[in-house]
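Trainee: Work the whole structure out from these sequences, hints included.
Residue numbers (numbering that gives the first Met the number 0), protein chains in the order written: chain A, 0 to 263; chain B, 0 to 224.
It cannot be assumed that every hint is accurate.
Unchecked claim - Using C-beta positions, here's what the derived DEER-type ranges look like: (1) E203/A <-> A11/B: 47 to 55 Å; (2) R168/B <-> H255/A: 33 to 41 Å; (3) M9/B <-> P7/A: 30 to 38 Å; (4) G52/B <-> G92/A: 20 to 28 Å; (5) G92/A <-> E117/B: 22 to 30 Å; (6) F173/A <-> R17/B: 12 to 20 Å; (7) G92/A <-> P100/B: 29 to 37 Å; (8) E163/B <-> P7/A: 53 to 61 Å; (9) G32/A <-> G212/B: 48 to 56 Å; (10) V261/A <-> G30/B: 27 to 35 Å; (11) L236/A <-> E117/B: 49 to 57 Å.
Said to hold, decoys possible - Dumping the calculated DSBU-like pairs for lysine-lysine here, alpha-carbon to alpha-carbon at most 30 Å: (12) K98/A <-> K188/B; (13) K98/A <-> K21/B; (14) K188/B <-> K167/B.
To be verified - Footprint (simulated), chain B over chain A, 3 or more residues, beta carbon under 8 Å: (15) 24-34; (16) 99-112.
Because the hints were derived from the structure by calculation, they are not lab data. Note that the structure is a prediction, hence the values are computed from the model and not measured. Each residue gets a CB set at the ideal place from its N, CA and C atoms; glycine is no exception.
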Amino acid sequence: MDIADEPPLLQCLRIQGRVMHALLLREIITRFGRENLGVIWLVGEPMLFTSGIVTLWSMVTLHHGSAIPIVAFAVTGYSSVLLWRNCATHAAGAIAQNKSLLFHRNVRIVDVLLTRIVVEIGGATGSFIVLSLLFIYIGWMPMPDNLLKVLFGWTMLAWFGTSLALLIGAATAFSELVPRLWNPVSYLMFPISGAAFMVDWLPERLQNIVLLLPMVHGVEILREGYFHNAVAAHYNLGYMASCCLILSLSGLYVVHQASRHVDF
Amino acid sequence: MLSVEQVSKMYATRHGLRQVLKDITFRLERGENLGILGRNGAGKSTLIRLISGAEPPTSGRIRRGMSVSWPLAFSGAFQPHLTGLDNLKFVCRVYGVDYKPLVPFVEDFTELGIYFREPVMHYSHGMATRLAFALSMAIEFDCFLIDEAMVVGDVRFHERCHFELFHKRRDRAFILVTHDANVIKLYCKNACVLHDGHLLPFSSVDAAYDYYGRLMAERPEAVEQ
Chain A
0 MDIADEPPLL
10 QCLRIQGRVM
20 HALLLREIIT
30 RFGRENLGVI
40 WLVGEPMLFT
50 SGIVTLWSMV
60 TLHHGSAIPI
70 VAFAVTGYSS
80 VLLWRNCATH
90 AAGAIAQNKS
100 LLFHRNVRIV
110 DVLLTRIVVE
120 IGGATGSFIV
130 LSLLFIYIGW
140 MPMPDNLLKV
150 LFGWTMLAWF
160 GTSLALLIGA
170 ATAFSELVPR
180 LWNPVSYLMF
190 PISGAAFMVD
200 WLPERLQNIV
210 LLLPMVHGVE
220 ILREGYFHNA
230 VAAHYNLGYM
240 ASCCLILSLS
250 GLYVVHQASR
260 HVDF
Chain B
0 MLSVEQVSKM
10 YATRHGLRQV
20 LKDITFRLER
30 GENLGILGRN
40 GAGKSTLIRL
50 ISGAEPPTSG
60 RIRRGMSVSW
70 PLAFSGAFQP
80 HLTGLDNLKF
90 VCRVYGVDYK
100 PLVPFVEDFT
110 ELGIYFREPV
120 MHYSHGMATR
130 LAFALSMAIE
140 FDCFLIDEAM
150 VVGDVRFHER
160 CHFELFHKRR
170 DRAFILVTHD
180 ANVIKLYCKN
190 ACVLHDGHLL
200 PFSSVDAAYD
210 YYGRLMAERP
220 EAVEQ
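Mentor: Okay, here's the thing in structure tokens:
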């Protein structure tokens, strides 16, 4: 229990860990319940989504006869979308759905948002790993060429998702329009997010436009790691990192403002 | 020691900024208690939320030299999809307490029976209130913040709350806010009246009681609800 008025950093971190642990367990029970598969749905739900997309894209051979195997193309692409989109979408409901918990002094908006982000990153990552292993095992997908680069691309996308989720989640404290607008925006962003194409396949004018979107760079890095020479990847790591940094700082600023603004 | 220093709170409304609390200052030591009387909408719950730290004041400072509970209201701070037991576990994790030794107390106090392991959304109002009270008693605070919780529930529940809070924990501090002057007279040694955003101190509970009574008589329409 915090006796001091402003506890030192170490104590703050301990409280933070305690609160996030409590929120994490609570989140998993409320989201997935105890009946049937329970927590397995955390990974199962994104797996179902991705499997559906894999099937669809395989049927229409979306990738224009490129050298890349379609299953691997769909798994890397759609998992990337789920990673950042689920973070932001679930963060958009976090404050409204957890308001009653903010009665506890140590439960802050940032805890509620970070908890959801951790759950979503965990689910998307688990789904990506399990599906990849499964498809590699049955021979539908090759092994990744450079695992470290795949991991790096994935981490960059997770950073993008986290910063976006902080910004959107905290902004919902100020206006109900935010979650309402986020849904259509996220849908419209899916086809241009780099999941369903390689930048190289586009005419140059379009390339410059889609490369304005930070997540496109992340998917390109990831696919370069996975397919190596089979694709010509276009990305600018400095640009993506700068975007994520700006998003993170604005996100944290809005989180700070939101914590003085919540209406009970 | 709990110290509230020149605390003000403003809210943005459609008609501009509205000041709910104006320059509120008081201190409370362990073992002391304070009753705050105010009509509906006087800002009692806001004041309790600020003291608990759930919300920051617009200006001024609140120093907590002892552990302060969350606002013990009817059913706030609950997660409706979780069971009573899950809520106990959640609260214990947040405050860094082992929940296992507390299960018998909470089960016994709430008298929920099998409902202790059912989602809170299936509880009656009275059951939720009993759980809310038991959870805040399960965590040992130095100072309890009570938001009219004692006014609901049946006689038996009142007696048990009374015993837990005012006998077993009489060495602690508590702040009780209510619109019911009789509750304050029954439980509190000191009383204030919250009126027009100001916290008016009184030398005795009786003096506060009389003042509040006159205030009600002047504008009786505001007491109803």
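Trainee: All hints, please: hold or fail.
Mentor: Hint by hint, here is what the structure shows:
1. E203/A <-> A11/B: 47 to 55 Å: 49 Å, holds
2. R168/B <-> H255/A: 33 to 41 Å: 36 Å, holds
3. M9/B <-> P7/A: 30 to 38 Å: Given about 31 Å between the Cβ atoms, the range holds.
4. G52/B <-> G92/A: 20 to 28 Å: Cβ of G52/B to Cβ of G92/A: about 25 Å, so the range 20 to 28 Å holds.
5. G92/A <-> E117/B: 22 to 30 Å: 25 Å, holds
6. F173/A <-> R17/B: 12 to 20 Å: 18 Å, holds
7. G92/A <-> P100/B: 29 to 37 Å: 35 Å, holds
8. E163/B <-> P7/A: 53 to 61 Å: 34 Å, violated
9. G32/A <-> G212/B: 48 to 56 Å: 52 Å, holds
10. V261/A <-> G30/B: 27 to 35 Å: 33 Å, holds
11. L236/A <-> E117/B: 49 to 57 Å: 52 Å, holds
12. K98/A <-> K188/B: Not OK: K98/A and K188/B at ~34 Å, beyond 30 Å, violated.
13. K98/A <-> K21/B: OK: K98/A and K21/B at ~26 Å, within 30 Å.
14. K188/B <-> K167/B: 17 Å, holds
15. 24-34: holds (count 4)
16. 99-112: holds (count 8)
When the structure is compared with the earlier hints, violations turn up for hints 8, 12 and for no others.
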